[in-house]
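Residue numbers (our numbering), protein chains in the order written: chain P, 7 to 376; chain F, 8 to 321.
Calculated from the structure, these hints are not laboratory results. Keep in mind it's a predicted model, so treat the numbers as computed, not measured. Hints are not guaranteed to be accurate.
If you want the ones that stay clear, here's a sample from chain F, every Cβ over 12 Å from chain P, calculated [as the list claims (entries may be wrong)]:
no., residue
1, 130
2, 147
3, 178
Here are some, though not all, of the chain P residues that point toward chain F, as calculated from beta-carbon distances under 8 Å [stated by the list, open to error]:
no., residue
4, 38
5, 86
6, 334
7, 338
Where a beta carbon is used, it is the ideal one built from N, C-alpha and C, also for glycine.
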Amino acid sequence: MTKRFKTGYRIGVIILAIITAMLLGAVILWAIGADVLKTYLVILTEPLKNKIGVTEVLLRVVPLTIIALGITVAYRSGIINIGAEGQMAIGILATTAIALAFPNLPRGVLIPFAILAGAVGGAIWGFIPGALKAKLQVSELLSTVMLNYIAAQLYTFFLRGPMLDPAELTMGSGTPQSMRLSRNLDLTRFIKGTRIHSGIFIAIGLAVLIFFLLWKTSYGFKMRAAGASERAARYGGINVPKYLIIAMMISGAFAGMAGAVEIAGVHRRAIEGVTSGYGFSGIVVALFGGLHPAGIVPAAFFFGLLIYGADMTQRLVGVPANMVQVLQGVIILVIVATKMILANPYLMQRVESRWHEIFSRKNRAQEADA
Amino acid sequence: MNFVINILSLGIPFSVALLIASLGEMFNQRAGIFNLGCEGMMAMGAFLGMLVPYSIGQGAYVPGIYNYLGLLLAAGVGALLGIFFALVVVTFRAPQGIAGIGMQMFGVGTAGTLFRHFIGGTQSIPGISVAPIPGLSQIPILGPLFFNHNPMVYVAFFMVPLGWFVLFKTPWGLRVRAVGTQPRAADSIGIQVNRVRYQALALGGALAGLAGAYLSLCQAKMFSDEIIAGRGFIAVALVYFGHWHPVKIMGGALLFTLAQALQLAIQGLGIDFPYEFLVMLPYVLVIIVLAISKKTALMGPTALGKPFNREMRT
Chain P
7 MTKRFKTGYR
17 IGVIILAIIT
27 AMLLGAVILW
37 AIGADVLKTY
47 LVILTEPLKN
57 KIGVTEVLLR
67 VVPLTIIALG
77 ITVAYRSGII
87 NIGAEGQMAI
97 GILATTAIAL
107 AFPNLPRGVL
117 IPFAILAGAV
127 GGAIWGFIPG
137 ALKAKLQVSE
147 LLSTVMLNYI
157 AAQLYTFFLR
167 GPMLDPAELT
177 MGSGTPQSMR
187 LSRNLDLTRF
197 IKGTRIHSGI
207 FIAIGLAVLI
217 FFLLWKTSYG
227 FKMRAAGASE
237 RAARYGGINV
247 PKYLIIAMMI
257 SGAFAGMAGA
267 VEIAGVHRRA
277 IEGVTSGYGF
287 SGIVVALFGG
297 LHPAGIVPAA
307 FFFGLLIYGA
317 DMTQRLVGVP
327 ANMVQVLQGV
337 IILVIVATKM
347 ILANPYLMQR
357 VESRWHEIFS
367 RKNRAQEADA
Chain F
8 MNFVINILSL
18 GIPFSVALLI
28 ASLGEMFNQR
38 AGIFNLGCEG
48 MMAMGAFLGM
58 LVPYSIGQGA
68 YVPGIYNYLG
78 LLLAAGVGAL
88 LGIFFALVVV
98 TFRAPQGIAG
108 IGMQMFGVGT
118 AGTLFRHFIG
128 GTQSIPGISV
138 APIPGLSQIP
148 ILGPLFFNHN
158 PMVYVAFFMV
168 PLGWFVLFKT
178 PWGLRVRAVG
188 TQPRAADSIG
198 IQVNRVRYQA
208 LALGGALAGL
218 AGAYLSLCQA
228 KMFSDEIIAG
238 RGFIAVALVY
248 FGHWHPVKIM
258 GGALLFTLAQ
268 ALQLAIQGLG
278 IDFPYEFLVM
288 LPYVLVIIVL
298 AISKKTALMG
308 PTALGKPFNR
318 EMRT
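Just chain P, same shape as in the assembly (with noise of 0.2 Å):
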């Protein structure tokens, strides 16, 4: 089997998923009487029209590939995280109470201070399911949820009670945010008029991080190789249940970090609804993106482009933005199934062999003309 079949073979499952999640979604578009192609079309190439919507769309690719880079680090490792939302929520929490502690903090101190609250922050949130699996054999799947809605009301609770803006406290508009944080830890935005800032470049170096730490290191080794086989890992030496815990932190601080940098990057101040889904979608990049760096960097700007696009067909073609919520499930379940018709070897060589016969086929039909 030709190494160039099977990438062909690779890339044509791919196309074929994405055919046919598309179809499903049309299915619900249609459903609600929308212009299937136009919806469509309007995700797909509306926010790419201008500056400020490709900036829009690079600004969610920021923290879709941190927290996908850590939910990979996870999934390697054997344990699934769905639970980043909340560890986002609880990293916003830890940063927010960093900025307002030590506001005066210079930017070169507080900014990674800062960021590396959140990731302790997340980190433990993501220890709990990863103790709770690895000592008492709790399902992370139902424990990462569990944890989601518990932060989701820490959060709420943390803003409207003790970080709570005092400037609310007077003026009584009742909205749940915390004030304004120290300007020293704004992370620039370097394209006048647009809001696209440095933490384009904290994801990136984490998505090569993480490929060093996946594949050039022998922690990356130790969690890669729990993740594929847990039995094997064991009988050769591996403490699978440390690395296991080891990985959900990781995981978590990622998520946690997300949080940080979308504070610090784009609100400038914890507000409600700074998650919204972006846990969830971490998921679905990560398993586009095939659970690999340089494949999830490309599946965060696809699906950045999905949820910023969702965003503008309420607008242009009536069709509620929840609509990237059904696309994103669609491409999950498209995806895992495609993924095991892949592995099916008895389909690749039968594909392959009508491969051949069509290519020798046009091979003969051109000695022939010759």
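Since the structure of chain P is already known, use the hints to place chain F on it.
For chain F alone, kept in the frame of chain P given last:
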């Protein structure tokens, strides 16, 4: 005393959606399928259940019949979603945990999209109201606790012995348990493993849809994006907690009644306690329950989460 009974009897209807959904999930897991998409199926059920009385029953509102049509539609579409999920995890043998997340997002997203298109904003409906059982509801203490609810509460609690009977006393129940514990052995005596799993998922989906419709028709009497609020996931947790047995699952669901009752009591007595921590309570309870419940592998379906492939040796 009166206060306690009042609070408890108010709490009982709150556990019903959990009870119905986890009974459905029990059939899925007994057949070896871990259905994390329950939440999404419930969301679809909640929307569809409300859609029928809202759109047809508007204006000349005929009480009763349209509500029950809504329940039926929710169960029907739930079954279809179950079959769709079966296509992914049974036929294509996709990993069930992550596929369940996909199903959840698909269901919640679709319900939200359709809701915005067909209903728009927050709209409340009369829904299904309380129907006290004549005579029985007059009994002191027991009457208000058990016989003064909406009809779906009685149906749900009747499902417990019914589910037990179907699972343990019928040939189909035996087949479900067989494909969930020893699919290879079941296959060797001519049980079509995948077909039984499809059937179990259709049943589980129907019950999840029904549970969702219960929330919108009987409990909240409206639909919102957060109406399910993780109940689908709690239902999955309850199945573990209840060791895949209907009666124990009911016990677990009633435990959440207590949590709900506690919330109502604290609010009712006007104790100054942060509201957010009250809302948090059930989710914390789930984690505690999962952590302390015994992991008795022997009692459960041993093939849970493993796709069946006739052509492979395992």
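Which hints from the list above does the structure break, by number from lowest to highest?
Failing hints: none at all.
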